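Participant: Below, each chain spelled out in residue letters.
Protein chains: 2
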Amino acid sequence: MDIDVTITEMARAARKAAREMARCPSSKKNEVLRCIGDLLGERSAEIRTENQRDLAKAREQGLSAAMIDRLTLDDAALSAMIDGLREIRALEDPVGATTASRVRPNGLEVSRVRIPLGVIAMIYESRPNVTVDAAALCLKAGNAIILRGGSEALHSNRVLADVIGEALRRCGLPPQAAQVVPVTDRRAVEALLRQEAFIDLIIPRGGEGLIRYVVQHATIPVLKHYKGVCHVYVDQGADLDMAEEICFNAKVQRPGVCNAMETLLVHRAEAPAFLPRLARRLEEAGVELRLCPESLGILPGRTPAQEEDWPAEYLDLILAVRVVADMDAAMAHIARYSSSHTEAIVTSDYERARRFVREVDSSVVLANASTRFNDGGQLGLGAEIGISTSKLHAFGPMGLEELTTTKFVVLGNGQIRT
Amino acid sequence: MDIDVTITEMARAARKAAREMARCPSSKKNEVLRCIGDLLGERSAEIRTENQRDLAKAREQGLSAAMIDRLTLDDAALSAMIDGLREIRALEDPVGATTASRVRPNGLEVSRVRIPLGVIAMIYESRPNVTVDAAALCLKAGNAIILRGGSEALHSNRVLADVIGEALRRCGLPPQAAQVVPVTDRRAVEALLRQEAFIDLIIPRGGEGLIRYVVQHATIPVLKHYKGVCHVYVDQGADLDMAEEICFNAKVQRPGVCNAMETLLVHRAEAPAFLPRLARRLEEAGVELRLCPESLGILPGRTPAQEEDWPAEYLDLILAVRVVADMDAAMAHIARYSSSHTEAIVTSDYERARRFVREVDSSVVLANASTRFNDGGQLGLGAEIGISTSKLHAFGPMGLEELTTTKFVVLGNGQIRT
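Chains as they are written, first to last, in our numbering: chain Y, 86 to 503; chain D, 86 to 503.
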């Protein structure tokens with residue numbers, strides 16, 4: 086099989102299917118999602134069998150328990166996918182909405198109308214549930230999708246793709262609207278990244294290496310985040326009980342995700358009172374602290390922070406801590422080291438809260454709330470397909486609306502330019 | 086001079102200046118624009134002298150009259166720039182607006198707030214007026230800009246950059262908010278395209294070759310259009326007087342621009358009546374017709390169209406013509422050959438007008454109006470910095486709002502995730 090030819094044919098077929106999806110009314114798109122859910126139930130034994138093939142190979146290859154966990158499609162995972170489909174079905178269809186309109190002095194009626202993006206390629210790693218979640222979001226927004234998951238999940242992804250294709254066919258829609266790349270060769274990714282004629286957007290999700298590779302090689306627009314180096318700044322005069330709850334939640338509730346806190350910045354005036362109580366709580370939960378010289382003075386005997394700790398995304402029970410002279414110093418630290426993902430301030434001061442949320446240049450900026458809220462569901466977008474930390478098109482969590490764009494529709498009665 | 090080092094330092098300085106521009110109130114940004122206008126007047130003699138150096142070189146090198154015309158900064162060109170600045174000053178500042186907000190069940194107040202993109206690099210060819218127009222739009226939207234014009238305009242661009250820098254300084258803002266790359270070596274472009282750490286967006290404007298080069302080499306998001314292969318479809322039952330006016334305007338009023346018509350599609354039922362009258366008018370204006378076999382039957386003795394005429398952007402007094410069986414055939418032709426730029430239908434039929442504007446997948450779709458209206462000013466956006474035919478972030482003409490993005494601002498009172 087020539088991979089380039091295969092991928093080009095898939096992309097061409099997706100473009101054709103996308104034209105049909107773009108015209109598809111909401112009721113039919115919802116029917117597809119309902120049908121995918123039904124088929125996941127009906128074909129669960131088969132899905133489990135295919136998933137077992139991936140799991141057997143994963144165990145053979147000695148993959149970590151965490152990897153195997155993410156790969157597993159048990160009853161709970163299947164139920165979660167079915168629930169996810171129900172949620173997406175309940176979301177309002179963004180396609181066709183007029184987002185702005187005006188009548189020009191010459192009588193032209195100009196509107197901006199929301200339309201699907203077209204063909205979206207999703208490149209991701211081991212989690213097979215992404216296959217269903219991403220396909221459902223893209224289809225609901227009227228797009229076609231090409232899915233390229235990791236080799237560890239190939240059998241699971243193939244059967245899930247087959248389920249989605251069957252649902253599309255049953256509803257009279259082209260199964261090419263959701264295709265899984267049948268090979269996991271790196272060359273399949275390279276070939277995808279060159280399909281500028283047929284693919285409108287690439288969304289890579291996974292490790293920083295994969296994402297950098299995609300950005301380096303794509304001539305198609307990419308939405309992505311490399312990493313989340315999220316900061317909490319505890320301001321002078323902050324409610325320290327609140328600060329403790331927020332910091333503990335941001336670091337410990339789920340340390341392996343991109344919106345977990347990686348660096349704590351504390352105002353010098355609060356550090357002596359705040360750091361010991363927070364350290365006690367964090368260390369009880371198994372968190373290792375990496376401390377700047379000043380915080381090390383307050384919490385002796387811990388690990389000193391090195392320069393490489395400030396830009397680090399630990400994704401683990403590790404926290405870098407720095408004492409700062411004031412909010413300007415905190416914002417300067419953030420401007421230098423943040424990944425533009427999520428930053429929070431804990432403060433009681435009106436003007437500093439206002440300045441922090443206005444001036445910090447990250448996709449989600451919070452006052453008096455945990456960084457863990459950078460999530461499409463939590464912020465009210467419904468399900469999300471990922472988080473973007475580059476500013477074009479989407480900055481922050483991407484929901485249904487971010488899977489669309491607008492075109493200009495102009496209605497006239499013979500207007501010409503003079 | 087090491088070009089990589091120079092460009093990296095420029096980009097780093099632009100990033101720093103962008104932080105200051107992002108905080109700058111509208112009144113001060115408008116003051117900068119006013120000041121640029123004043124200085125263009127005060128320093129006009131100097132600007133003309135520098136422009137003469139470029140013009141002398143252009144004549145020496147035997148550049149075409151059209152190129153020399155675009156390069157010339159005479160009184161009219163300077164006045165036009167000053168008028169443009171006044172228009173941009175009058176536009177509403179998009180920065181800081183809340184575009185959506187909701188209160189979540191847990192009490193979190195979530196809003197999306199419009200912010201500048203950050204640092205924009207503009208890569209363009211010979212027109213020095215772009216230097217001032219683009220800088221004014223980017224500054225008004227709170228961004229910093231790096232301008233890399235063509236070597237033919239180097240002296241003109243340098244003095245214009247100096248004017249803009251002086252205006253920024255006079256208003257207490259960093260002159261690094263608008264910088265002209267002082268070398269026109271291709272390596273300067275390559276170096277710009279690698280500044281992912283400091284530059285948020287690249288906008289190339291010029292020939293397709295330049296734009297493809299930028300897309301190929303950039304790891305930074307690019308907004309662009311390669312070309313405009315714009316279609317007008319004259320439907321069965323169309324008002325043929327209206328159709329004639331629209332087609333004549335779309336082809337002849339300014340044939341060298343991207344929103345001029347390049348291909349005419351005519352319904353079979355109207356072709357015998359419509360083509361002869363339109364041909365008479367177009368040919369009087371010097372238009373060469375390239376005809377499909379069926380239209381050649383109606384208008385014998387003209388040039389037959391070849392396959393390469395359908396995707397061609399002539400930018401000249403040439404028109405490809407094809408007779409089609411119905412609107413579906415017209416839309417299929419457009420789906421195959423269009424550049425997603427601008428397409429128009431001339432029709433009297435309600436349902437076909439509705440289907441055409443809904444189903445044609447181009448950045449501007451018109452009913453009963455000339456393709457020449459794909460322009461930021463004409464569509465009511467105010468001045469435009471370019472037109473995008475890729476769907477991410479902006480699809481169609483890009484005005485002030487397209488030079489911004491939104492971030493999420495989340496205000497809480499101690500919320501954590503459970």
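Please keep in mind that the hints were generated in silico from the structure rather than gathered at the bench. All of these numbers come straight from a predicted model, not from anything done at the bench. A hint or two may mislead.
One copy or any two copies: either way a pair holds, since identical chains are not told apart in the list.
Unchecked claim - Cross-link-like lysine to aspartate or glutamate pairs, in silico, EDC-like; alpha carbons within 16 Å at most:
hint	residue 1	residue 2
1	K312	E330
2	K312	E293
3	K142	E127
4	K142	D218
5	K142	E436
6	K101	D324
7	K113	E177
8	K312	E393
9	K312	E398
10	K113	E436
11	K101	D247
12	K113	D178
13	K113	E251
Participant: With reference to the structure, classify each hint as holding or not holding.
Facilitator: Against the structure, the hints come out as follows:
1. K312 <-> E330: Result: close neither inside a copy nor across copies, 24 Å intra and 55 Å inter.
2. K312 <-> E293: within (7 Å within a copy, 34 Å between copies)
3. K142 <-> E127: For K142 and E127, the Cα distance exceeds 16 Å both inside one copy (25 Å) and across copies (76 Å).
4. K142 <-> D218: neither (24 Å within a copy, 60 Å between copies)
5. K142 <-> E436: neither (57 Å within a copy, 56 Å between copies)
6. K101 <-> D324: neither (57 Å within a copy, 33 Å between copies)
7. K113 <-> E177: Only inside one copy: K113 and E177 sit 13 Å apart there, 41 Å across copies, limit 16 Å.
8. K312 <-> E393: Close inside one copy (15 Å), not across copies (46 Å); limit 16 Å.
9. K312 <-> E398: Intra 7 Å, inter 42 Å, cutoff 16 Å: intra-copy only.
10. K113 <-> E436: neither (50 Å within a copy, 21 Å between copies)
11. K101 <-> D247: neither (19 Å within a copy, 51 Å between copies)
12. K113 <-> D178: within (11 Å within a copy, 41 Å between copies)
13. K113 <-> E251: within (14 Å within a copy, 59 Å between copies)
The structure fails hints 1, 3, 4, 5, 6, 10, 11 (numbered hints given earlier, in ascending order).
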